[in-house]
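> Chains as they are written, first to last, in this note's numbering: chain A, 1 to 91; chain B, 1 to 400.
For the record, the hints were derived by calculation from the structure and aren't laboratory data.
Using N, Cα and C, we set each Cβ at its ideal position, and we do this for glycine too.
One or more hints might be untrue.
Covered stretches of chain B, as calculated for chain A (at least 3 residues, CB under 8 Å) [said to hold, decoys possible]:
no., segment
1, 18-29
2, 71-79
If you only want the chain B side, here are some residues facing chain A, beta carbon under 7 Å, derived [as the list claims (entries may be wrong)]:
no., residue
3, 128
4, 141
5, 353
6, 354
DSS-like, lysine-lysine: derived pairs with alpha carbons at most 27 Å apart [said to hold, decoys possible]:
no., chain 1, residue 1, chain 2, residue 2
7, B, 303, A, 83
8, A, 33, B, 53
9, B, 303, B, 233
10, A, 33, B, 366
11, A, 83, B, 233
12, B, 171, A, 83
13, A, 33, B, 368
14, B, 362, A, 33
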Amino acid sequence: MTFDPDVSWRLHHQVAVRPEPFGALLYHFGTRKLSFLKNRTIVEVINSLGEHPDARSACRAAGIDDAQQGPYLHALGVLVQSKMLVTGDDS
Amino acid sequence: MTVTDSAPAPEAQPVPRLVEQFEHGLDAPICLTWELTYACNLACVHCLSSSGKRDPRELSTQQCKDIIDELERMQVFYVNIGGGEPTVRPDFWELVDYATAHHVGVKFSTNGVRITAEVAARLAASDYVDVQISLDGATAEVNDAVRGQGSFAMAVRALENLAEAGFKDAKISVVVTRHNVDQLDEFASLAARYGATLRITRLRPSGRGADVWDDLHPTPQQQRQLYDWLVAKGDGVLTGDSFFHLSGLGAPGALAGLNLCGAGRVVCLIDPVGDVYACPFAIHDRFLAGNVVSDGGFDNVWKNAPLFRELREPQSAGACGSCGHYDSCRGGCMAAKFFTGLPLDGPDPECVEGWGVPALEKERVKPKPSGDHSRGAKQGPIPLKLLTTPPARLCNESPV
């Protein structure tokens, strides 16, 4: 699946988030894959994705203005690739 | 379990590198091994836990469930269950179901003895259980010499049953030895045949492995061969990060993984009687952190055991301090050094710079095992040991 930052995203229902001092650990019980989120801002974005109409507004709400979003959107794209994130209308 | 370092977001606030964070330890382990029983139907010559007979003090079903409750609270996402042969515990499936119902995923290691067609079908129906079949040779001849007569056929039957039941992505777990290092391609084809993933790990001189390590561990040339194979064909092959001592053989980062000893920092072991050790390869009093029953639960042992606090302190590079490879190998595996009688702040016995060889030739005293559950009468073949050099002292020659 390709990542479109202008639609809504949320964590896959089989993914658990464990807060850590460096950010968080993400674990997908279905694919049995582990990911590291390396700062707390990206954790905030991930956890609030479901409350926003699209990924860009989730970033803005976490204090990342449009000019700085590139690396965050890239990180979200990687998580989409590994099925950690699914589109908001995907059950 | 695959670790994908997949979200390299920018550093908004100064955060130390991930590896440094791990070296200081986390509030809960990432990777926890839990050996449910010392009982085993096999008697592999290199068994890390010297398994064979059940220990009468093994944890009850309720005590195991209490541990699972704690793991759920600590958000330990999954446990690697092993033994002994864990499936011979009468409450094994009950505990697996209890763990997955409490958000603790299970990967269990087995020699395949109980993986019948019925069990395979049941396993295929769960998203939360992963199965790892141990195999130490791609042929019966090589495998059975280490794991015992008939063990190859038993493992292959289990793999067939899993594949027929539609179980996806089982793991084939291989300990790399002098005798199977040439079979890596064959292991990969075997895994492909059953829709499984190959996992290869390092032979440790732990448990009964201490008795056979000198004869079974890959030679320096074979270490090179193994490293080259991993770099060329290791994509999609799991290693549990166990070859980080070889990372100095090539460019930094060529070998996938964190290349870090996680003992007591992100990894630990709970043994069948509830003793907590720094890592699965370190079942010895020297690395015993505490007991889940007598020391106030696993969470308390993990967070407060003096041994774990010590392991989370910066470690001395010792004799390796001046070596250019130290940053990549970090002095190698603590357990491998300890059980071969080498100093902990010196080179790994399989050091890629070759420092392990003279260290092994020096007078050294291997630590006495602090526990042994082997059955007296060995079922497996007894390896014939012929010394190529005279023993340094008469006592160094095994009387067997």
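> Compare the structure with each hint and give your call.
Each hint tested on the structure:
| no. | hint | result |
| --- | --- | --- |
| 1 | 18-29 | holds (count 5) |
| 2 | 71-79 | holds (count 3) |
| 3 | 128 | 6 Å, holds |
| 4 | 141 | 33 Å, violated |
| 5 | 353 | 31 Å, violated |
| 6 | 354 | 34 Å, violated |
| 7 | 303(B) with 83(A) | 32 Å, violated |
| 8 | 33(A) with 53(B) | 35 Å, violated |
| 9 | 303(B) with 233(B) | 39 Å, violated |
| 10 | 33(A) with 366(B) | 38 Å, violated |
| 11 | 83(A) with 233(B) | 25 Å, holds |
| 12 | 171(B) with 83(A) | 21 Å, holds |
| 13 | 33(A) with 368(B) | 38 Å, violated |
| 14 | 362(B) with 33(A) | 44 Å, violated |
In the structure shown, a violation is registered for the earlier hints numbered 4, 5, 6, 7, 8, 9, 10, 13, 14, in ascending order.
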